[in-house]
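Undergrad: Sequence:
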Amino acid sequence: MKTLKQGEIAMVNTPQINVETMVEAQSPKSTFRGLEAKNVHAWFGKHHVLSDVSLRFPERTVTGLIGPSGCGKSTFIRLLNRMHEFIPSAAMAGQVLKDGEDIYAPEIDAAAVRLKIGMVFQKPNPFPAMNIRENVLSGIKLAHLKVADHDSIVENCLTRAGLWKEVKDRLSATGGSLSGGQQQRLCIARSLAVEPNVLLMDEPCSALDPGSTLRIEETIKELAEKIAVVIVTHNMQQAARVSDFCAFFLTDGGPGYLVEAAPTKVLFTNPSDTRTADYVQGKFG
Numbered sequence: 001m002k003t004l005k006q007g008e009i010a011m012v013n014t015p016q017i018n019v020e021t022m023v024e025a026q027s028p029k030s031t032f033r034g035l036e037a038k039n040v041h042a043w044f045g046k047h048h049v050l051s052d053v054s055l056r057f058p059e060r061t062v063t064g065l066i067g068p069s070g071c072g073k074s075t076f077i078r079l080l081n082r083m084h085e086f087i088p089s090a091a092m093a094g095q096v097l098k099d100g101e102d103i104y105a106p107e108i109d110a111a112a113v114r115l116k117i118g119m120v121f122q123k124p125n126p127f128p129a130m131n132i133r134e135n136v137l138s139g140i141k142l143a144h145l146k147v148a149d150h151d152s153i154v155e156n157c158l159t160r161a162g163l164w165k166e167v168k169d170r171l172s173a174t175g176g177s178l179s180g181g182q183q184q185r186l187c188i189a190r191s192l193a194v195e196p197n198v199l200l201m202d203e204p205c206s207a208l209d210p211g212s213t214l215r216i217e218e219t220i221k222e223l224a225e226k227i228a229v230v231i232v233t234h235n236m237q238q239a240a241r242v243s244d245f246c247a248f249f250l251t252d253g254g255p256g257y258l259v260e261a262a263p264t265k266v267l268f269t270n271p272s273d274t275r276t277a278d279y280v281q282g283k284f285g
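Using the working numbering, read the sequence shown as starting at 1 and increasing by one per residue.
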């Protein structure tokens, strides 16, 4: 993926945004602990899909990204751990900082970034031929990480993902034999095995039943006691339930942009932009 120079976006005309302290501009050498996007743009070929987004994701918090389809939420979340680079026509500008360090700097290895900033996708994607235990350990083996006690890691990660009690007596069963909700929690456990600091979740409950959704939401809250979680969701009730902060994205037919970001209770009850109020009240989207 091509990373554009700062001067190449100087003529981009971006919408005005209204944001809280969590997205304020930082000094070039940020001391913020956590994940931070600064003036991020994204393109697919010549198509400008995301415009000038600045947003912070503090440690041990859940941040919800909301907004109508096509406003760049999924593109943005993929920029946060360089998954965007897998698309040949993709380009970005701006910075994504992890604890003040630019993850797109030339000397930074993308694979190492993805170990510390994990991703759970909309559709569960366990390795179907691997058993449950092998699925949990797969990231460790692919990254050639040396760990002493695989059994403890499997139990710990499945417990944190809310799945251990359901599968502890059948760890030799294949990942593909699990229900959809169980598969998604297995994917969460797999991500946790490499000890990420941030977990990105792109509509993780969109294909799940209410019971499975509830268990995923409980897992998200528990995970946020130790790491930062970023979740894209179209479910306003879910965003209100699980997130500490919320960011509203929108598009006016051009690239998606950030309208505002705030603590979730504030954004849902007293947003600073009327478009946000209309969206969370279900008047459009």
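It should be emphasised that the hints constitute simulated quantities derived from the structure, not laboratory data.
Misleading hints may appear alongside valid ones.
[What the hints assert, rightly or not] Lysine-lysine pairs mimicking DSS-like chemistry, simulated, CA-CA at most 30 Å apart:
(1) Lys141 with Lys165
(2) Lys221 with Lys168
(3) Lys46 with Lys221
(4) Lys226 with Lys38
(5) Lys141 with Lys168
(6) Lys146 with Lys168
(7) Lys141 with Lys46
(8) Lys146 with Lys226
(9) Lys221 with Lys283
(10) Lys146 with Lys38
(11) Lys221 with Lys146
(12) Lys141 with Lys226
(13) Lys265 with Lys38
(14) Lys221 with Lys123
(15) Lys165 with Lys38
(16) Lys116 with Lys283
(17) Lys46 with Lys146
(18) Lys226 with Lys283
[Claimed, not checked] Beta-carbon label-pair distances, calculated as ranges:
(19) Asp209 with Lys283: 26 to 34 Å
(20) His47 with His234: 19 to 27 Å
(21) Glu166 with Pro68: 30 to 38 Å
(22) Ala173 with Gly282: 39 to 47 Å
(23) Ile87 with Gly282: 13 to 21 Å
(24) Ala110 with Gly211: 22 to 30 Å
(25) Asp109 with His234: 30 to 38 Å
(26) Thr159 with Gly254: 26 to 34 Å
(27) Thr274 with Asn156: 41 to 49 Å
(28) His234 with Ala110: 25 to 33 Å
(29) Asn39 with Phe284: 33 to 41 Å
(30) Ser152 with His47: 21 to 29 Å
Glycine included, C-beta positions come from ideal geometry on N, C-alpha and C.
Undergrad: Next, verify each hint and record whether it holds.
TA: Here's how the hints hold up against the structure:
no.	hint	result
1	Lys141 with Lys165	holds (24 Å)
2	Lys221 with Lys168	holds (22 Å)
3	Lys46 with Lys221	violated (39 Å)
4	Lys226 with Lys38	holds (24 Å)
5	Lys141 with Lys168	holds (21 Å)
6	Lys146 with Lys168	holds (24 Å)
7	Lys141 with Lys46	violated (38 Å)
8	Lys146 with Lys226	holds (22 Å)
9	Lys221 with Lys283	holds (29 Å)
10	Lys146 with Lys38	violated (34 Å)
11	Lys221 with Lys146	holds (29 Å)
12	Lys141 with Lys226	holds (23 Å)
13	Lys265 with Lys38	holds (24 Å)
14	Lys221 with Lys123	holds (20 Å)
15	Lys165 with Lys38	violated (41 Å)
16	Lys116 with Lys283	violated (38 Å)
17	Lys46 with Lys146	violated (43 Å)
18	Lys226 with Lys283	violated (36 Å)
19	Asp209 with Lys283: 26 to 34 Å	holds (28 Å)
20	His47 with His234: 19 to 27 Å	holds (22 Å)
21	Glu166 with Pro68: 30 to 38 Å	holds (35 Å)
22	Ala173 with Gly282: 39 to 47 Å	holds (41 Å)
23	Ile87 with Gly282: 13 to 21 Å	violated (32 Å)
24	Ala110 with Gly211: 22 to 30 Å	violated (37 Å)
25	Asp109 with His234: 30 to 38 Å	holds (33 Å)
26	Thr159 with Gly254: 26 to 34 Å	violated (45 Å)
27	Thr274 with Asn156: 41 to 49 Å	holds (46 Å)
28	His234 with Ala110: 25 to 33 Å	holds (29 Å)
29	Asn39 with Phe284: 33 to 41 Å	violated (27 Å)
30	Ser152 with His47: 21 to 29 Å	violated (47 Å)
Checked against the numbered hints above, the structure violates hints 3, 7, 10, 15, 16, 17, 18, 23, 24, 26, 29, 30; every other hint is satisfied.
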